[in-house]
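Colleague: Chain by chain, the residues:
Number of protein chains: 2
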Amino acid sequence: MKIKDFGGEFAVIDMIASMDKRKAGNEIIKGIGDDCAAIKHNSGKYLLVTTDMMVENDHFCLKWQTPYQVGMKLMEVNVSDIVAMGGIPEYAFISISIKKDTTVEFMEELYKGLYDSAKKHNVSVLGGDTTHGTEYTLNATLIGKSRSKYTRFRSGAKKGDIICVTGTLGGSTAGLKLLLHGKAEGMDLKDHLEPKSRTAEEGMIIARFANSMIDVSDGLGSEVRHICEESKIGARIDYDSIPIKKSSFDAAEKLSMNAYDFALYGGEDFQIVFTITKENLKKIKKKFTDFTIIGEILDKDQGLFILKEGKKSEVQKGYDHFA
Amino acid sequence: MKIKDFGGEFAVIDMIASMDKRKAGNEIIKGIGDDCAAIKHNSGKYLLVTTDMMVENDHFCLKWQTPYQVGMKLMEVNVSDIVAMGGIPEYAFISISIKKDTTVEFMEELYKGLYDSAKKHNVSVLGGDTTHGTEYTLNATLIGKSRSKYTRFRSGAKKGDIICVTGTLGGSTAGLKLLLHGKAEGMDLKDHLEPKSRTAEEGMIIARFANSMIDVSDGLGSEVRHICEESKIGARIDYDSIPIKKSSFDAAEKLSMNAYDFALYGGEDFQIVFTITKENLKKIKKKFTDFTIIGEILDKDQGLFILKEGKKSEVQKGYDHFA
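Protein chains in written order, with this note's numbering: chain A, 857 to 1179; chain B, 857 to 1179.
Hints were generated in silico from the structure; no laboratory data involved. Careful, some of the hints might be misleading.
Note that the list lumps identical chains together, so a pair holds whenever it fits in one copy or between two copies.
Derived pair list, reagent style DSS-like, types lysine-lysine, alpha-carbon separation capped at 30 Å [unchecked claim]:
#, residue 1, residue 2
1, Lys1173, Lys956
2, Lys955, Lys877
3, Lys1015, Lys1142
4, Lys858, Lys968
5, Lys877, Lys956
Take these sequences, add in the hints, and give me the full structure.
Modeller: Written out as structure tokens, the structure is:
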């Protein structure tokens, strides 16, 4: 059976996860199914581990991205997963499969981008594997730590929580669509070419006050859906509240597309979605303000929906590698 | 400049490693340059981390390997790196890039092999990433622990140490060559199709008595060279002592090739090379005997060489992905 007929990427991941029948050890706090795995460490800390793979012409394109930008992205997307649990990234392991005719200069630029991002986030690259293939495939595994008390999962959302998102959404997809449709000239492409993780400092402030967190890798719709499923609750997303920057609206206009679709279903913005009580919302604003309220956590039986001009609509499925 | 003109795979890895000028933190015991990175953990333990990438038609071939065997291999090659430092593997993170038309049955078989091997070594799979590409690329990152006192590096060999290797060598390459030359019928291919790591129990016994350890992934010649470089010593490999099983001699004869070349330059046998004092050699034999003495550690200025019928010869370079 083809993966798409089986239910796509997430159905296969569910199947894989369910195949391992052994009971997890009591050191394991969280396995498959969040931004990172969490393992008991020492003195009130968790070890957080995440891994992300990037394939040429899917996660990056050398027609418009420099090797430096690709290396930077590989680090940023992994840092974002640690940040989205309230952790501090520490150690990275990089595997790359490169083409046989790859130049030394390409490798140098790729690793310059990777190390510059690593330095920014205080990450040490401690190992890796270099091999060759017919397309570029890059993988990073990132290990970090978090205080167990302030580690946030997708599963912590409570009825009545306010849903917030940092920064703006849709910028990465706006840039990608402009490039794909040959309408990129003179437009702002930075969110796509050089996506950035939020910092660990920001993530830790959010984690201190929030009930649940997730980073935006597959689009706001998909991330809120993950929170709903893991927390066993419903949610309302207020369509007009979704934070979108002017350049994304400009891109959407040029493309005759909808900038809200970029935000809801595009992904790769690496902002943080979090849910928080009303009381803590007041408190967090004294420490951190670069976020927008976009909805509310509801009872499970109310389901997940978007509210636009008083009318409910369904949240579509996000990007699926096998759809 | 092409990588092969720059000096190949290992020259590029050296360049990459040297690009990061920051001083490593004092938690980092070993970064790039051994089977695993070693990081201080707690109460006399190190965290060991390794990552290995496998690309279709390079590290495995679906013409003659089942998805089950490929999944198993992905786990075994990573376990071997932890075992070769004297550690116990614990947690695995699996990234896979698969073709769009991959079937659910393929994924199920692949993960069955992976989980069966994980179970054997008591490893929990805690996360991963699934994406698509035009060829199969699989990556595993494995985290384990070791007692700091009994963690062994490539760099610990001392002049006068006896060089030993577990099991037999060359079996994996013998099988591969038979397959590549269409002479596999009726021959023993298991060492190639289903390579196995030594167990953590065996690795820990060796680590307790040995001065240095490394696993055989690129061939005996390459591994002893790594020990020489990291330990800043020389070494003599006794050609006729290299342990080779009958089926590998049979394969070599059928192919008009040399079984010793399979052992020295083939790799993927996942046996453990270790160096040990004469005193400890007596002690280890009471606990573990599946190894062969193949040489001796010498002064640095005596260099690295093979001794065959009283004549010295050079150790050739091992497999290079970019040569």
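Colleague: So, for every hint listed, does it hold in this structure?
Modeller: Hints, one by one, checked against the model:
no.	hint	result
1	Lys1173 / Lys956	between (38 Å within a copy, 18 Å between copies)
2	Lys955 / Lys877	between (38 Å within a copy, 27 Å between copies)
3	Lys1015 / Lys1142	within (24 Å within a copy, 63 Å between copies)
4	Lys858 / Lys968	between (39 Å within a copy, 18 Å between copies)
5	Lys877 / Lys956	between (41 Å within a copy, 28 Å between copies)
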